[in-house]
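Number of protein chains: 2
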Amino acid sequence: MIRDLVIENRTRRRFHQEVAIELETLRELVDLARLSASFGNRQPLKYILSCEPQKNAVIFRCLIWAGALKDWPGPPEGERPSAYIIILGDTEIAKSFFCDHGITAQTILLGATERGLGGCMHDGIQRDELSRALGIPPRYEILLVVSLGKPKEKVVLETLEPGGDFNYWRDSDNVHHVPKRLLADIIIG
Amino acid sequence: MIRDLVIENRTRRRFHQEVAIELETLRELVDLARLSASFGNRQPLKYILSCEPQKNAVIFRCLIWAGALKDWPGPPEGERPSAYIIILGDTEIAKSFFCDHGITAQTILLGATERGLGGCMHDGIQRDELSRALGIPPRYEILLVVSLGKPKEKVVLETLEPGGDFNYWRDSDNVHHVPKRLLADIIIG
Chain S
43 MIRDLVIENR TRRRFHQEVA IELETLRELV DLARLSASFG NRQPLKYILS CEPQKNAVIF
103 RCLIWAGALK DWPGPPEGER PSAYIIILGD TEIAKSFFCD HGITAQTILL GATERGLGGC
163 MHDGIQRDEL SRALGIPPRY EILLVVSLGK PKEKVVLETL EPGGDFNYWR DSDNVHHVPK
223 RLLADIIIG
Chain V
43 MIRDLVIENR TRRRFHQEVA IELETLRELV DLARLSASFG NRQPLKYILS CEPQKNAVIF
103 RCLIWAGALK DWPGPPEGER PSAYIIILGD TEIAKSFFCD HGITAQTILL GATERGLGGC
163 MHDGIQRDEL SRALGIPPRY EILLVVSLGK PKEKVVLETL EPGGDFNYWR DSDNVHHVPK
223 RLLADIIIG
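Chains as they are written, first to last, in this note's numbering: chain S, 43 to 231; chain V, 43 to 231.
Keep in mind that the hints were calculated from the coordinates and are not lab data. Treat each hint with caution, since some may be false.
It does not matter which identical chain is used: a pair holds within one copy or between any two.
Unchecked claim - Derived BS3-like pairs (lysine-lysine); straight-line CA-CA distance at most 25 Å: (1) 97 x 196; (2) 137 x 112; (3) 222 x 97; (4) 222 x 137; (5) 97 x 137; (6) 196 x 137; (7) 112 x 196.
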């Protein structure tokens with residue numbers, strides 16, 4: 043059931059870093075993205091894959107982690123992602139990417155969840171630094187980075203009342219709490 | 043397998059209009075959206091549902107269908123969607139919606155596909171007219187419309203060579219052909 047997969051597919055930020063992800067797995071996940079919808083069928087998205095420690099470390103340094111957790115600079119060594127998929131917009135194919143990257147990032151993460159993996163969509167990226175570090179040509183706009191690994195943290199969903207604080211938070215047992223709006227508050231007609 | 047669902051989840055534009063979709067089904071699909079990721083966990087998306095002929099007709103008139111099929115103004119009566127989910131951005135919650143609507147539209151369509159339904163993400167919308175016709179308050183930005191129904195058309199995927207024509211097309215048997223880039227052409231590193 044897709045519902046089970048959607049519920050299991052929580053944003054994950056701490057991983058069993060020692061569990062490697064094969065390049066072939068990343069290719070399978072991008073193939074799911076490839077087979078998904080693209081506005082006007084332009085398919086302007088391109089992908090850079092990483093599952094090697096050195097390249098992973100370069101990407102990790104360019105990511106901003108969990109804006110709502112002010113005292114947490116991101117996962118320490120040992121709990122970092124085992125892999126990344128960088129989603130790029132090819133400006134030689136399109137000038138606007140609509141929300142194609144949302145479509146494909148979600149598809150990639152659902153595919154990862156099915157494989158017992160999990161991850162996070164990062165928009166907080168030091169884009170210039172990442173482009174420079176990986177030698178990404180200027181024709182490619184960095185849209186998102188998807189981090190991937192074997193999840194190490196427990197995530198629980200809670201109710202977000204209208205006007206309440208939408209920020210996620212961690213308790214003293216390192217359980218990650220995510221307030222979610224109720225269905226009645228998001229269906230308005 | 044999510045891969046089977048992703049492959050089955052093709053953009054559909056012709057439907058068995060006589061097959062109704064229950065309001066409860068739409069609510070279940072929006073619940074999948076609700077349980078999906080949102081940037082910064084802001085959850086600024088709101089939804090309007092429609093599965094009644096009169097409201098459906100209003101929404102249908104505000105949609106631009108299949109830009110690449112120049113001689114086709116959209117599905118005729120009898121092949122139109124049985125339902126719609128309008129995805130709105132609530133500007134009182136956020137000013138930017140990132141690609142949240144891509145995440146949720148894809149999730150909604152995967153859920154619909156699992157139920158034997160299908161549909162289309164519409165960005166080509168006469169937004170002012172739709173807002174006026176449904177009385178949508180100005181605080182809500184219309185991001186996407188997802189049309190839904192029981193699919194009536196056959197869709198086949200083909201290979202899009204680099205530099206080739208990405209436009210989808212229909213053959214004389216009304217089979218819909220969609221060129222897709224190869225994996226080797228979208229993974230660049």
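Check your understanding: Is it within a copy, between copies, both, or neither that the alpha carbon of residue 222 lies no farther than 25 Å from that of residue 137?
Key -> between (34 Å within a copy, 19 Å between copies)
**Study point:** Status of residue 196 relative to residue 112 across identical chains (alpha carbons, at most 25 Å)
**Key:** within (19 Å within a copy, 51 Å between copies)
Exercise for review: Evaluate residue 196 and residue 137 at a C-alpha cut-off of 25 Å and name the case that applies: within, between, both or neither.
Suggested key: neither (39 Å within a copy, 31 Å between copies)
Check your understanding: Are the CA atoms of residue 222 and residue 97 at most 25 Å apart within a copy, between copies, both, or neither?
Key -> neither (35 Å within a copy, 29 Å between copies)
Point to revise | Same-copy or cross-copy closeness of residue 97 to residue 137 [CA-CA at most 25 Å] | key: neither (28 Å within a copy, 34 Å between copies)
Review point. Is it within, between, both or neither when you check residue 97 against residue 196 at 25 Å Cα-Cα?
Key: Classified as neither; 27 Å inside a copy, 43 Å across copies.
Check your understanding: Between the shortest in-copy and the shortest cross-copy C-alpha distance, which are at most 25 Å for residue 137 and residue 112: within, between, both, or neither?
Key -> The answer is between: 22 Å across copies meets 25 Å, while 35 Å in one copy does not.
Comparing the model with each numbered hint stated earlier shows that hints 1, 3, 5, 6 do not hold.
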